[in-house]
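Number of protein chains: 2
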Amino acid sequence: MVTIKVGDTVLTAAKLLVQNNIGLLVVTEAATDGRLVGVISERDIIRVVASGRGLEVPVKDVCTKSVVTVHGKSDVAEAAKAMNKHGIRHVVVVDDGGRAIGVVSMRDLVGERATLTAILQSNEKEIFHGAD
Amino acid sequence: MVTIKVGDTVLTAAKLLVQNNIGLLVVTEAATDGRLVGVISERDIIRVVASGRGLEVPVKDVCTKSVVTVHGKSDVAEAAKAMNKHGIRHVVVVDDGGRAIGVVSMRDLVGERATLTAILQSNEKEIFHGAD
Numbered sequence: 001m002v003t004i005k006v007g008d009t010v011l012t013a014a015k016l017l018v019q020n021n022i023g024l025l026v027v028t029e030a031a032t033d034g035r036l037v038g039v040i041s042e043r044d045i046i047r048v049v050a051s052g053r054g055l056e057v058p059v060k061d062v063c064t065k066s067v068v069t070v071h072g073k074s075d076v077a078e079a080a081k082a083m084n085k086h087g088i089r090h091v092v093v094v095d096d097g098g099r100a101i102g103v104v105s106m107r108d109l110v111g112e113r114a115t116l117t118a119i120l121q122s123n124e125k126e127i128f129h130g131a132d
Numbered sequence: 001m002v003t004i005k006v007g008d009t010v011l012t013a014a015k016l017l018v019q020n021n022i023g024l025l026v027v028t029e030a031a032t033d034g035r036l037v038g039v040i041s042e043r044d045i046i047r048v049v050a051s052g053r054g055l056e057v058p059v060k061d062v063c064t065k066s067v068v069t070v071h072g073k074s075d076v077a078e079a080a081k082a083m084n085k086h087g088i089r090h091v092v093v094v095d096d097g098g099r100a101i102g103v104v105s106m107r108d109l110v111g112e113r114a115t116l117t118a119i120l121q122s123n124e125k126e127i128f129h130g131a132d
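Residue numbers (our numbering), protein chains in the order written: chain A, 1 to 132; chain B, 1 to 132.
Mixed in with the good hints there might be a few duds.
If chains are identical, the list can't say which one is meant, so a pair holds when it fits in one copy or spans any two.
[Said to hold, decoys possible] Distance condition first, Cα-Cα at most 25 Å in a straight line; then the derived DSS-like pairs of lysine-lysine:
{"hint": "1", "residue 1": "15", "residue 2": "73"}
{"hint": "2", "residue 1": "81", "residue 2": "60"}
{"hint": "3", "residue 1": "15", "residue 2": "81"}
{"hint": "4", "residue 1": "5", "residue 2": "81"}
{"hint": "5", "residue 1": "73", "residue 2": "85"}
{"hint": "6", "residue 1": "65", "residue 2": "15"}
{"hint": "7", "residue 1": "60", "residue 2": "5"}
{"hint": "8", "residue 1": "15", "residue 2": "60"}
Since the hints were made in silico from the structure, they are not lab data.
Using the sequences and the hints, build the whole thing.
What follows is the structure, encoded as structure tokens:
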């Protein structure tokens with residue numbers, strides 16, 4: 001899990017994503033020991049770029065604040081259910097105090113390589129939805 | 001499939017991604033009837049942002065030029081094999097003349113919702129690779 005403070009800029013967020021080769025950062029309050037404020041994704045940053053607002057916009061103005069969380073003691077199925085219910089690719093793992101302690105991504109849940117292997121071993125060609 | 005010309009800017013690419021709610025554009029030559037030059041992804045744009053190069057950089061300077069393609073007559077398994085072999089999430093579909101006619105994404109191949117449903121119905125908890 002890589003975190004960024006609410007007052008940091010979108011430019012800093014972009015650098016952290018590239019440096020860590022990840023697609024999502026957890027946004028935390030500067031002053032209160034990591035209380036979860038939101039998440040910021042590659043897509044959030046692309047939206048800022050497209051809007052022409054500039055890269056010095058603070059993360060708190062553009063991050064996603066309605067974060068779906070699971071407790072650290074939850075099992076994997078609970079994380080999968082939460083992704084399924086909300087149609088999302090990441091859930092944030094929190095402790096009893098609501099502090100972020102990790103991120104579980106769809107990529108964690110389903111190795112893409114394993115998924116492709118399953119396709120190759122399957123005859124279910126109707127899973128194909130066509131080119132976009 | 002959404003295309004962008006080699007001489008267009010990264011800013012234009014960002015706008016096209018947001019407007020079309022997609023993660024990848026096909027980059028084509030302006031003058032030669034859509035000959036495939038490369039692809040540009042959200043990640044490519046985030047790298048430009050992080051580098052501080054500015055958003056007026058032409059797409060041709062930052063796009064991915066070693067594009068993995070499949071022919072339009074290929075079956076789905078061939079697209080899946082190509083993704084698996086190269087560890088990528090998109091392949092470009094081309095015609096006999098090497099012109100791009102579509103994009104197939106991993107999301108096309110495997111509906112994420114269906115994948116999560118499979119996890120929930122499975123007891124294979126060892127597919128979980130842990131939080132990052």
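For each hint, the structure was consulted:
1. 15 <-> 73: neither (32 Å within a copy, 40 Å between copies)
2. 81 <-> 60: Neither way: residue 81 and residue 60 sit 28 Å apart in one copy and 41 Å across, limit 25 Å.
3. 15 <-> 81: For residue 15 and residue 81, the Cα distance exceeds 25 Å both inside one copy (31 Å) and across copies (32 Å).
4. 5 <-> 81: neither (29 Å within a copy, 41 Å between copies)
5. 73 <-> 85: Result: close within a single copy only, 19 Å intra versus 36 Å inter.
6. 65 <-> 15: both (21 Å within a copy, 23 Å between copies)
7. 60 <-> 5: within (8 Å within a copy, 34 Å between copies)
8. 15 <-> 60: For residue 15 and residue 60, the Cα distance is within 25 Å both inside one copy (16 Å) and across copies (22 Å).
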